[in-house]
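S.K.: Using the hints provided, position chain B relative to the given structure of chain A.
In case you want the letters, here they are:
Number of protein chains: 2
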Amino acid sequence: MARAWALKSRPNGMPQHTDFAMITLPDQPLAEGQVRIANRWLSVDPYMRGRMNDVKSYVPPFVLGEPMQGGAIGEVVESNADGFAVGDMVQHMLGWRDEAVLPATEVQKLPALDVPVQAFLGQLGMPGMTAYFGLTEVAAAKSGDTVFVSAAAGAVGSTVVQIAKARGMTVIGSAGGAEKCAWVKSLGADAVIDYKSGVPIAKALAEAAPKGIDVYFDNVGGEHLDAALSAARMHARFAICGMIDVYNSGAATELRYLARVIGNRIQIRGFIVSDFFDRRDAFVRDMGAMLASGTLKREETVIEGLNAMPDAFLGLFTGGNKGKMLVRV
Amino acid sequence: MARAWALKSRPNGMPQHTDFAMITLPDQPLAEGQVRIANRWLSVDPYMRGRMNDVKSYVPPFVLGEPMQGGAIGEVVESNADGFAVGDMVQHMLGWRDEAVLPATEVQKLPALDVPVQAFLGQLGMPGMTAYFGLTEVAAAKSGDTVFVSAAAGAVGSTVVQIAKARGMTVIGSAGGAEKCAWVKSLGADAVIDYKSGVPIAKALAEAAPKGIDVYFDNVGGEHLDAALSAARMHARFAICGMIDVYNSGAATELRYLARVIGNRIQIRGFIVSDFFDRRDAFVRDMGAMLASGTLKREETVIEGLNAMPDAFLGLFTGGNKGKMLVRV
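These protein sequences, in sequence, are chains A and B. In terms of the working numbering, the first sequence opens at residue 1 and continues consecutively. In terms of the working numbering, the second sequence opens at residue 1 and continues consecutively.
In case anyone wonders, no lab produced these hints; they're calculated from the structure. Hints may contain errors.
Copies of the same chain look alike in the list, so a pair counts if it fits in one copy or across any two.
Straight-line distance between alpha carbons at most 25 angstroms, and here's what the computed BS3-like set of lysine-lysine pairs gives [to be verified]:
#1 K8 to K142
#2 K211 to K56
#3 K56 to K203
#4 K297 to K142
#5 K165 to K8
#6 K165 to K211
#7 K203 to K297
#8 K165 to K185
#9 K8 to K109
Chain A extracted, bound-state conformation (with noise of 0.2 angstroms):
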């Protein structure tokens, strides 16, 4: 019997473990044109909570005791649809479940490229695709810049570092913790802040990048990103790519440096990574390529077992990963 994770229900700021219920769905057959799947791999990522909310949002919110969703990569085990054969490595959105049946207009064949599956939901997915087209599209960075990217130990994060060193630029990464800062350093940040040390983020930024940055990389928001305006160069672009900080508490962001917008033009833009789909060909072509000569290193936090899912999800927000979260089924 197939299981899933259901939203029990809706968080009032972090979630906590009874708000969601493991449930088993009901025997579904194949009809003309579906799959079913076996999940091997599960992702877990931040814009989830966001859809645990119940609002209007750039994706619906989860429905309270139906199986949740998100990505997955699995293997076909039984076929109804052309193209399809048992045994293919598949891509879908049908994850939070052991099992998928779904039809296979919505189920992507994963590239034959010499790289561990799951690194389809890591740096050859949504996240590596967020880090990719954030940095050098949203924020348009370019060689010579000086780059400042926060939550730089996360699947998003790690990616942008290393795009941003492979592309020629000085790399500021901000992580929590003296051993996720060494990593992100391993990586090939030129400094890392560690925003758990006690020190104002402002001052250390200061300190890491005496002559300020072009780019910022927005995992965060509130007080990393006020560091970014306070240490902003003219003409800075910064990608606003989530705002962790304010998922779960939903609190105002105070920022003290945000006039300097005017006097340093500074550029910035919130993006979706979806608005960049049309160009997932391309994009698996350039990072396939600097994954499979080490230009890239892959970095997994993998949890055992549908059951630690849950387990899995929180620990995005007390950082509990390095790299990309995954939960292997």
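M.R.: Frame of chain A, contents of chain B only:
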């Protein structure tokens, strides 16, 4: 004997009359290439508050005890420079004084247009250029857009309202008090918000623009900016021109709706009018024609006499002006 206002002390918060001192200027014979100008009109502008602080910014700070500077229109009364004759009406940046001596290279003759000369400190000058390029270039506003503009009764804001209407946009302005709101409405605004009414600006804006806004022209920052974020539609563009709310207080800006930049792909861009000085000639032709034809209404608040210039300046922060605030010498 020529007289000028000097900054006597750097204000902490809202400037006081005691921060200003009238000084007399030493007799200054004309050097080769210089002109002497009897100033007729002097400009006070919110950006001057920034020059009163001793911090690096896009314009250098005023020097304590020395004459302040600012936009001025005057008549050449003595010339030692080719191309300038007694009687020429000119524009320059040695304001805050009744007589100016400076190199002719820092003086512009006024174009021969059928408009009162003081318009070159308003709609044909810096405030007009700010409105024009901020709206059409920085925010890329186009026909059909819904535009929100704060400080809509000010020199810049009232011009934004009128350009936007002339270009087929829907316009919501914000101003303080019934009289100013009525005036902004008379300029063509489709709706006006009275920010002094006690209704939260976000609520008032949601009622005035139930489908949201495409463009926000920001002169004030603070609660207005947050309201604009709350109402921003997909791909909204914000041109950040000024943040008069924090010029004096220095307080942090609290934004409850900042995370909307992500889902709605909002672009926020700061600018300074000098970025567009190389396009001044085209601007004067276009705006001059709109003024001459009556498409733009000219409104000025005139304070009489150099002695009252600090009153004029302080009035900018207490809502003392409709349209452009000017001092007539």
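S.K.: Going through the numbered hints above, which ones does this structure break? Give me the numbers in ascending order.
M.R.: 1, 5, 7 and 9
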